[in-house]
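J.: As they're listed, the protein sequences go chains A and B. If you read the first sequence in numbering that gives the first Met the number 0, its first letter stands for residue 0, the second for the next number, and so on. If you read the second sequence in numbering that gives the first Met the number 0, its first letter stands for residue 0, the second for the next number, and so on.
Bear in mind the hints are in silico, worked out from the structure with no lab data behind them. Using N, Cα and C, we set each Cβ at its ideal position, and we do this for glycine too. Where hints are given, some of them may not hold.
[To be verified] Reference listing, derived: stretches of chain B covered by chain A, where coverage requires no fewer than 3 residues with Cβ under 8 Å from a Cβ of chain A:
| hint | segment |
| --- | --- |
| 1 | 78-91 |
| 2 | 127-133 |
[Said to hold, decoys possible] One-sided excerpt, in silico: chain A residues whose CB lies under 7 Å from chain B:
| hint | residue |
| --- | --- |
| 3 | G60 |
| 4 | P75 |
| 5 | A82 |
| 6 | E101 |
| 7 | R244 |
| 8 | Q248 |
| 9 | E251 |
Protein chains: 2
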Amino acid sequence: MTDVRVAGVGLTHFGEHPERTGRDLFAAASQRALADAGVPRADIEQLNYGNFMGALSEHQGHQGPLMAEAAGVDAPATRYESACASSGVAVREAVKDVRNGELDVALVGGAERMNNLGTAGSTEALAIAADDLYEVRAGMTFPAAYALMARAYFERYGGTREELAEIAVKNHDNALDNEHAQYQSAITVADALDAPTIAEPLGLFDACPITDGASAAVLVSDEYAEANDLDAPVAVTGTGQGGDRMALQDREYLARTPAAERAAEEAYADAGIGPQDVAVAEVHDCFTIAEVLALEALDFYAPGEAVGAAARGETTRGGDRPVNLSGGLKAKGHPVGATGASQLAELTRLLRGDHPNSDAVDGELGVAHNAGGTVASTTVHVLEVVA
Amino acid sequence: MTDVRVAGVGLTHFGEHPERTGRDLFAAASQRALADAGVPRADIEQLNYGNFMGALSEHQGHQGPLMAEAAGVDAPATRYESACASSGVAVREAVKDVRNGELDVALVGGAERMNNLGTAGSTEALAIAADDLYEVRAGMTFPAAYALMARAYFERYGGTREELAEIAVKNHDNALDNEHAQYQSAITVADALDAPTIAEPLGLFDACPITDGASAAVLVSDEYAEANDLDAPVAVTGTGQGGDRMALQDREYLARTPAAERAAEEAYADAGIGPQDVAVAEVHDCFTIAEVLALEALDFYAPGEAVGAAARGETTRGGDRPVNLSGGLKAKGHPVGATGASQLAELTRLLRGDHPNSDAVDGELGVAHNAGGTVASTTVHVLEVVA
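Okay, chain A solo, but in the shape it has when bound (with noise of 0.2 Å):
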């Protein structure tokens, strides 16, 4: 079996476009990733493609042609859509095809244009990744949702807001180098538990922004890698997928997350490691108690012991294993269907060094951790250095 080397990444800058189209970003981010590659359109076999709501957003389906045409890639294309988890699927099913040798060479990423909804009418679409019937139609959003996970997770384990706010405040501060970040400002505990409250117990800073943009990687065998000369020293090394019930009520607990414990328990066995080995890590942080969820899931910390440690100063930027060095969902900015593969984009870079925030990584393994819903799906991969 090969391995699958990440050639090149692209990404545009994550935040507010109004003026561009999600076919304009997934072009951009394209281009992007296949000049960073040095692989030529005519080589790219695939395009895996993750986007959510571009039917309510964009009036738009059928998304695989369109951005295989966006990147000028005359290839076979398929959208994949997980909700906020989209790409990060469409990552695994290339990685798959890569390494089992169906193909060499994958162009895979994401897209999503988001803000030309509005608050209002984005949230209401965000809303199609939970259970229409069960959750929405009684009002839950996915605010809500979240909330009512930390409520539990802060009955049954303990935790303050102040925990949380210090998530926050370490998420923005890693991005403030970061040029493709949505907010590239620094927040203080005391702006994160004034703000105001969008559900009880988080506020306004415990959430992601509404994000447009674009993510974009080259995956190729090591047999491609290395005919044609490319410097592509990162690798997909493991991959995992995990599934869990729709609708919280239909949950044992809402606490934990079993589709993520799941999907890393696949990935490190995959990749033949364990927790212990992961030096960095980009995680679904959607709401700052989502990135706690992420780290016990991934067996980083006892359920419990996750929610003080960007207190503790175990995942921030001069931390043991720092998380989310890229900004996060929360600073870096959260266009869904864009976000799994843009994990992958950040991790390559933290990993071959090329990141502002490089020199904050201690090691050669990182993870990346993509959940869709209230974590009803999840994937996990883990990259490392290799050559």
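Go by the hints and put chain B onto chain A.
T.: Relative to the frame of chain A, chain B by itself:
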């Protein structure tokens, strides 16, 4: 590499089911597939699910985990969306996973709820499979798009409305004994020619109906089939996928479908067969002209030759190579996300001998052709009796 066996298949009735949700439809189809396979739910390792317009018709995205739950399956689940080829792509990815040893047992399928949108609403929703900026905003709908393709064909190769009508008559005739079909009623060439014109040269009976329905199949490895003593004589021995430019204006010509040609070439090479080996085919006849284009892309006929195939009796139930013995999209119906996997279900039954039209099949090899949009996405699968 293992063979990929079709262990079981299941369909709902295709038609108007205003009282049934998408999850209800898929629960029924998957239950039938699991029972047909004799595979316990606990053995299902993955769900690959196709859906097209759920965000618009049911305000429901993220249908992977929702449908796993509907099927009673505790496994990672992914939604694939390639317009009308959504479950064709879902099948293809599962076929690759099984034959590459990623897993032994996959549930595949799809569902669509459309009639609750009404005729105008569903036509508008279907339009998201075309290019919103360059086609839909100019007033294009799918009947108009396929009418353009029909006119281009007639101009380049010749052909008549009567010849197209013979395709509709054939497919209605094939559906007479198919309990799953939306229309179990015969029509005549005169009926078709006298029907209202929807977009010159296409009349009402050149178009498939608006349909609610679901499909499912259980795919297993050879090893699993053997170890569990399954009666699963049919295998998927070839898979192919092709892509094309999204908008008709960007195509070199409208009278051929290169995406389908590429998918067919790849699937034939994968199975080590040629078009002359194919005894029976299910093809994507969303309009009568689409069946013509499919038969030429599958290389059953040279360009210009397929339009008269039904009129000449070559593709009818008594012909040498019957096409759409299920009734096709025209008479069986076209619940968009369910169609690709339903072709797999129909072909499996036709080949193993328990379909009402099995006696029309003279051979042990069939092909399924599933197309998205104006054939910007296509999958082709080869099915063979191997035991």
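J.: Next step is simple, just say for each hint if it's right about the structure.
T.: A quick look at each hint next to the structure:
| no. | hint | verdict |
| --- | --- | --- |
| 1 | 78-91 | holds (count 6) |
| 2 | 127-133 | holds (count 6) |
| 3 | G60 | holds, 4 Å |
| 4 | P75 | holds, 4 Å |
| 5 | A82 | holds, 4 Å |
| 6 | E101 | holds, 6 Å |
| 7 | R244 | holds, 6 Å |
| 8 | Q248 | violated, 12 Å |
| 9 | E251 | violated, 12 Å |
Hints 8 and 9 from the list above are not met by this structure, while the remaining hints are.
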